[in-house]
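Whenever a hint applies, use it, and build me the whole structure from the sequences.
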Amino acid sequence: MATLATDRTSTQPASTFAFILKKAALSALVALGLFLLMIGIRTEAGPSGQLIYWTRFGELAAIVAAVFVGSIVVELLRQWSGRIGIAATPAPWVGSALAKIGKLLAPALLIFALLVPVIFYNQRYLLDLGILVLTYVMLGWGLNIVVGLAGLLDLGYVAFYAVGAYSYALLAQSGLPLPYLTGSYPFVAVDFLQLGPWAFWVLLPVSGLLAALWGVLLGFPVLRLRGDYLAIVTLAFGEIIRLVILNWQSLTGGPNGISGIPRPTVFGIPLTPGPDGLAAMLGVPFSPTHRLVFLFYLILALALLTNWVAIRLRRLPIGRAWEAMREDEVACRALGINITTTKLSAFALGAMFGGFAGAFFATRQGFISPESFTFQESALVLAIVVLGGMGSQLGVALAALTMIGGFELFRGLDQYRMLVFGAVMVLLMIWRPRGLVGHRAPSVFLHHRTTIAADMVKEGRG
Amino acid sequence: MDYFLQQLINGIVLGSIYGLIAIGYTMVYGIVGMINFAHGDIFMIGGFIALITFLILISIGLTVVPVILLIVLLVSMAVTALYGWSVERIAYRPLRQSFRLAPMLSAIGMSFVLSNFSQVAQGARVKPVPPIITGGYTLHESDAGFAVQLSNVQIVVVVTTIVLLAIFTWLVARTRFGRDMRACEQDQTMAALLGVDVDRTISMTFVIGAALAAVAGVMYLLYYGLVDFFMGFLAGIKAFTAAVLGGIGSLPGAMLGGLAIGLIETLWSAYFSVEYKDVAAFSILIIVLIFLPTGLLGRPEVEKV
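Protein sequences, first through last, are from chains A and B.
Heads up, the first sequence is in this note's numbering, so the first residue is 1 and it goes up one at a time.
Heads up, the second sequence is in this note's numbering, so the first residue is 1 and it goes up one at a time.
Keep in mind the hints are simulated off the structure, nothing from the lab.
Glycine residues also receive a C-beta, built at the ideal position from the N, C-alpha and C atoms.
Check the hints yourself; a few may be wrong.
Footprint (simulated), chain A over chain B, 3 or more residues, beta carbon under 8 Å [said to hold, decoys possible]: (1) 10-23; (2) 34-45; (3) 55-66; (4) 80-91; (5) 103-112; (6) 120-128.
Written as structure tokens, this is what we have:
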């Protein structure tokens, strides 16, 4: 594996077989050093709490041999195809070709998505998977506003997802608190409005707004931060939210989570087998698949809403300001753009869609716990955005499909799933750091590009 | 008062461990300008290597504690340094000229790879070890019967940290390598033009950072007596918080930040609530960055247009 990253600057001599062998032997040696203890020896807490160990030199030998062979193969491939590309951007023709395909692909994908419940009506697993993919598409599009359009690196996006989910879960169970004025002391009292079957539809916007509020709360302290500092503060923020949820047992149930969250209704009509249910009303036999189909279209609509808002906003002054800020914050400020509102609105909007997705997640699962809102989720969504080519809507959708689909393929190998995910992330960054599909250029720019274009400035400074 | 003193001791010990990890973050940030997200997991690997080495040494019948400690420390530092080197080589070097997000995501990916690798290789369960260094001193005993304890482990942790810090400061300030490192930090192109092997210097930075993280891993193992595959994440973020708190890029700052985070965490758990100690540490990070964006000892970054 170590040979994957050859030295960029060194000019290799005309490689002979001996050179390849030497290199492979070195890689194998490094692998031996790395894995001798970690794989060669397996430790485990014994029955009496005492540590025991046993050796696994067979596996160790196999892995080292695999590294040796793999290293030869990689080296041969490298010579056969020239340097394995470390292309900073996809080649121009890829971009234009993709733009053409993209024009067709996007409607095609949309039609396919609309037809999924019809085609796969009898395959609950696929419907479930479709809902999951669409949830991530929506999260990706939401985060894309923050990261792709506004260029603010947010590693704590899952916090808003959590806020949305918990807002919905808690408010749906307690009812919507409506403060009202009383004539006498204590002047303000709270009435809990029980929402019944309308819970989801009333609380969806509420969850989104609460998440947006948290987005602004996060936005304020980080206004002055940029790049990596911003990343780490958002990460810390995400962890704070998760830890508070985990520890505030009386409100959130702590690690046990909240169960019995009301299921969504078709605008007030429940999807239950009873006489008031949708099936009975339409006069068709009840099937649990109805709910899945409904959830599928619901998340599809929500995701498309996110997409539509993002696309429309890009044409408004605020969207232009986001893109300008992404390209160069200092220039932006010099031109009189209010950085404070620009940043806060990006955080708020991104967070709002995260909140919507969270509310949907809660109603779909019927159960939420802090385990669903770990840093891994944030990283996954961020990976989707970056691999999709930041700012490209279609790219994000495709990346979500690939990542979540790929994740599902490895479901059987649960242990290895995150290992593979991490490795794929590293390899994709090396192979195609600008994303699989492409990087979205600003919506408007001067056609005469100067030597010091924003692109180049950005290479060095976030 | 006695209670406070006890917490102070605990906080300093914990802070030393954070400080050792934080140095790795701050060095790498200084030289390549990226958050090495995998560093926390390098620390975890260090803990695992130490555990395995310790187990082997015990089983071949070695009983002299100082010798065991020395061997465990050296083996763990060497192997973990190799991990640090490989991570840089595989995941970061090809991306050095890439746009800013790329190495960061690659680092996040690497962090997942490392933590899940040790889960796969060593199992998900927490691995406890019997206390290796036992005993200690009672510094002061109050009338109420509360005794301020200073255990031998705590002494070992703090002394090792101080010694390593001294060696390390000497390395950066006085040696050829230290000069190269500082040169690369200021201007890589210029350093390369003046004959500094930039690639090698960066590699060495990762190696040293990983070795220090390994020491932190050994200390963690000695102090808490357990390792698990997930411990790198939280420790990593806290150490990064420490690095930022002290002013990223500044070595004394990293140590100072580490101590501060250790103390905050310990005192918070002692006087307020154990559950929210991490929340306190992260809140401090946010507060510091609002009022002191460059940290305690960091240089203000001049924004060039």
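Exercise. Are there hints from earlier that the structure breaks, and if so, what are their numbers?
Worked result: Of the numbered hints, just 1 does not hold.
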